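Student: Each protein sequence line maps, in turn, to chains A and B.
Counting from 426, one number per residue, gives the positions in the first sequence under our numbering.
Counting from 426, one number per residue, gives the positions in the second sequence under our numbering.
Treat the hints as calculated values from the structure; they're not laboratory data.
Treat each hint with caution, since some may be false.
It does not matter which identical chain is meant; a pair holds if it fits inside one copy or across any two.
Computed list of lysine to any residue pairs in SDA-like fashion (alpha-carbon distance at most 20 Å, straight line) [stated by the list, open to error]:
no., residue 1, residue 2
1, Lys671, Gly730
2, Lys567, Trp738
3, Lys816, Arg478
4, Lys671, Trp756
5, Lys540, Phe686
6, Lys540, Tyr684
7, Lys503, Phe703
8, Lys503, His698
9, Lys671, His698
10, Lys671, Leu792
11, Lys816, Gly514
12, Lys671, Ala761
13, Lys540, Gly685
14, Lys671, Ala726
15, Lys816, Ala479
16, Lys515, Leu792
17, Lys503, Pro513
18, Lys567, Ser473
Quantities reported herein were computed from a predicted structural model and do not represent experimental measurements.
Protein chains: 2
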Amino acid sequence: MTVQTPARTAAAPINTGWPGHGVLLGPMRLDCGVELDRFPIAYQTYGSLDPDRANAVMVCHALSGDQFVLDRHPMTAKSGWWEAMVGPGKAIDTNRYFVICTNVLGGCMGTLGPKEVNPATGLPYGLGFPVITIADMVRAQKLLIDHLGIAQLFCVVGGSMGGMQVLQWAVSYPEAVFAAIPIAASARHSAQNIAFDEVGRQAIMADPDWHAGDYISHGVVPHRGLAVARMAAHITYLSETALHRKFGRSLQNRTAVTYGFDADFQVESYLRHQGSTFVDRFDANSYLYITRAMDYFDLAAEHDGVLANAFRWRGRSTPVRFCVVSFSSDWLFPTAESRATVHALNAVAANVSFVEVATDKGHDAFLLDEPQFHQVIEGFLTGCAEHRGLKDRRRGAA
Amino acid sequence: MTVQTPARTAAAPINTGWPGHGVLLGPMRLDCGVELDRFPIAYQTYGSLDPDRANAVMVCHALSGDQFVLDRHPMTAKSGWWEAMVGPGKAIDTNRYFVICTNVLGGCMGTLGPKEVNPATGLPYGLGFPVITIADMVRAQKLLIDHLGIAQLFCVVGGSMGGMQVLQWAVSYPEAVFAAIPIAASARHSAQNIAFDEVGRQAIMADPDWHAGDYISHGVVPHRGLAVARMAAHITYLSETALHRKFGRSLQNRTAVTYGFDADFQVESYLRHQGSTFVDRFDANSYLYITRAMDYFDLAAEHDGVLANAFRWRGRSTPVRFCVVSFSSDWLFPTAESRATVHALNAVAANVSFVEVATDKGHDAFLLDEPQFHQVIEGFLTGCAEHRGLKDRRRGAA
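Chain A extracted, bound-state conformation (with noise of 0.2 Å):
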């Protein structure tokens, strides 16, 4: 089977339709056997690539996320969604750095994804989309810098399932990578995360419009089930603590209970909202494909079950020296998980800095104003950059 792609120049600058560059690559092969043509990739980059081309990195998002690092969204109108972490000046400082994001394949942000359309057929692909990998995405994005003349990334970061794709980028093409940090993520997805990704897909699958994935040639969204489903993951995303401090059982605009079904706790108004805004900006479909793309994710399973196998080259350890984040409150990927991933560096012998930043916010801290977690991400970067002997360009550097 082809799935076939619009038929333009190789490599040729195209208008995704949002802001930001476009452009046609390809061919690529799928994990699931499918021979994609050329297809479009959606991205963003932030400062400029040195005359050398070796201070580029790769932030990879996760599944809600999109190539907006830094710009205003297009839909939503809200800020990038790691301006706290991304920008000059900050951790990964866009006055030294050149930093790249592509939204995802299987995406719905301009890369190739459910909702685009099907040349073969004139309609979007809908379910006719083949099941994508988290390798996949790593794929296309190893075609774009390829097209960009980055023979190797300075560095591949990104949180939950942009951690994902930073392991995948590791093991996959660890001469490519010269640093990685894996943030909040596993090499593994676990058995309740598929259970919490599958009552998503379930939920969206409920809904009626959803018609079979083909709702945009019915001319509707399955916006309820859409919502359903990022609302129960939406609470994943939060520790308890987090969400007893930021709402406990306050009541929402009211001094007391109202005895029916309004959202008479402030928690309750805040879900459905998190549900009701998530539909204006998200594909069903792509929510699909991409959860399923993460329940997939299993680095050991292509290495005998070992992971650390995944982690050898050439007979020795990886070259790729690894910083692994996580978050003492993170119970979607908890601290474990990514202990997991450092003892099976320790075990190859691997260069790896392992931080569990304490906080309370759980899974979110990733995007969130955490200090620690940022001061560990500017100090591994800096004395990479050293090791990796980037001259330091930044106004009043030595």
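With the hints as your guide, set chain B onto chain A.
Tutor: What follows is chain B alone, placed relative to chain A:
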């Protein structure tokens, strides 16, 4: 507003349509202000009541439970939900104690709930049913023990929402309870638990077959929404460790992933089964009302926000003896919640034992074969029976 219920002779036995006992009791005023006329209560009993009526144990069921503690379930044909704990020779020994369990008010197994017919309209109540509270459930149970001529329950015991009822019993009717065993419960529903309940309600309400609660009149059932609600809730009943041990990333009857949205993983298949079997036995509106009752539960709220004050009685400590039980891996009602109850009881110098059972089975441990847990319950009951002066009429007992 008065909710009318079938006018029959007060306290007359009735046929609820289910095995076991039924009786019409009332009137009763609900927390929301609605006055219930006489209404049906369905209940089961096991063992026999001593002539002095001192050996009665009220078992309170959880959200999705019912009165069939030891009976084969009339719809699923599965064995009773607490056969591990209750029965001849078990921790709650029906050779010694007279066990009562009512279907909760708002339920769907014979006690008045939203699927019963509203005599005022001739139609099922649906959303016309008044919102009920845990205290209302307990009020209905108190009517039943009054009807049975039981002045004081020897013990009230239950897990999860059953444990909330236990605490409410002790607070509302301290003289009518000799001993209380709240298991895997809390004195107020947490923000995280309200959030999970809200996801379940939104899943049900998102189903077009819900018809704003009028689905019975439409001849349909919101089975997809209710299944999603059950799936999401079910994850919270298990620990991550238990899910991992039970399923891990094992595939369901296949040797490789299918690159599709079928239930590739056993955990997906298991969850789907949990969802689909639940809709066959449970009413979607009951699910809304019962989860709402849990959300509203906050014992401290009516006592100036000070939980200890809930356990003061006539200027002294509550006369009720408590055994508070939690499970180490329960993240829905974590040990910290039980400890807060214990601290409040200690603050008024109440008679309280506290046991955290070490188990990796999560919240559902209260339903499972956990020998240490059952020994705790048996020991506590035996001690209380001595204090209470209950005769030991078991065969071979001294």
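Student: Now, for every hint given, state plainly whether the structure supports it.
Tutor: Okay, the hints, checked on the actual structure:
Proximity of lysine 671 to glycine 730 under the C-alpha cut-off of 20 Å is restricted to the inter-copy arrangement: shortest distance 18 Å between copies versus 41 Å within a copy. In this homomeric assembly, lysine 567 and tryptophan 738 come within 20 Å of each other (Cα to Cα) only inside a single copy, at 19 Å, whereas the closest approach across copies is 71 Å. For the homomeric pair lysine 816 and arginine 478, the shortest alpha-carbon distance inside one copy (12 Å) is at most 20 Å, but the shortest distance between copies (87 Å) is not. Taking the shortest alpha-carbon separations for lysine 671 and tryptophan 756, both the intra-copy value of 18 Å and the inter-copy value of 19 Å come in at or below 20 Å.
Within a single copy, lysine 540 and phenylalanine 686 get their C-alpha atoms only as close as 35 Å, which misses the 20 Å cut-off; across copies the closest is 17 Å, which meets it. Taking the shortest alpha-carbon separations for lysine 540 and tyrosine 684, only the inter-copy value of 18 Å comes in at or below 20 Å, while the best intra-copy value is 42 Å. When the C-alpha separation of lysine 503 and phenylalanine 703 is checked against a cutoff of 20 Å, the pair qualifies only within one copy, where the shortest distance is 12 Å, while the shortest distance between copies is 41 Å. Taking the shortest alpha-carbon separations for lysine 503 and histidine 698, only the intra-copy value of 15 Å comes in at or below 20 Å, while the best inter-copy value is 40 Å.
For the identical chains of this complex, lysine 671 and histidine 698 are intra-copy neighbours only, at 15 Å inside a copy versus 35 Å across copies, given an alpha-carbon limit of 20 Å. Taking the shortest alpha-carbon separations for lysine 671 and leucine 792, only the intra-copy value of 17 Å comes in at or below 20 Å, while the best inter-copy value is 33 Å. Proximity of lysine 816 and glycine 514 under a CA criterion of 20 Å is satisfied intra-copy only: 16 Å inside one chain copy versus 78 Å between copies. Proximity of lysine 671 and alanine 761 under a CA criterion of 20 Å is satisfied inter-copy only: 18 Å between copies versus 26 Å inside one chain copy.
Only between protomers do lysine 540 and glycine 685 lie at most 20 Å apart by alpha-carbon distance; the minimum there is 17 Å, versus 38 Å within a single protomer. Taking CA atoms no more than 20 Å apart as the test, lysine 671 paired with alanine 726 passes between copies only; the shortest distance there is 19 Å, against 40 Å inside one copy. In this assembly of identical chains, the alpha carbons of lysine 816 and alanine 479 lie at most 20 Å apart only when taken from the same copy (10 Å versus 85 Å across copies). Proximity of lysine 515 to leucine 792 under the C-alpha cut-off of 20 Å is restricted to the intra-copy arrangement: shortest distance 14 Å within a copy versus 51 Å between copies.
For the identical chains of this complex, lysine 503 and proline 513 are intra-copy neighbours only, at 19 Å inside a copy versus 63 Å across copies, given an alpha-carbon limit of 20 Å. Proximity of lysine 567 to serine 473 under the C-alpha cut-off of 20 Å is restricted to the intra-copy arrangement: shortest distance 19 Å within a copy versus 74 Å between copies.
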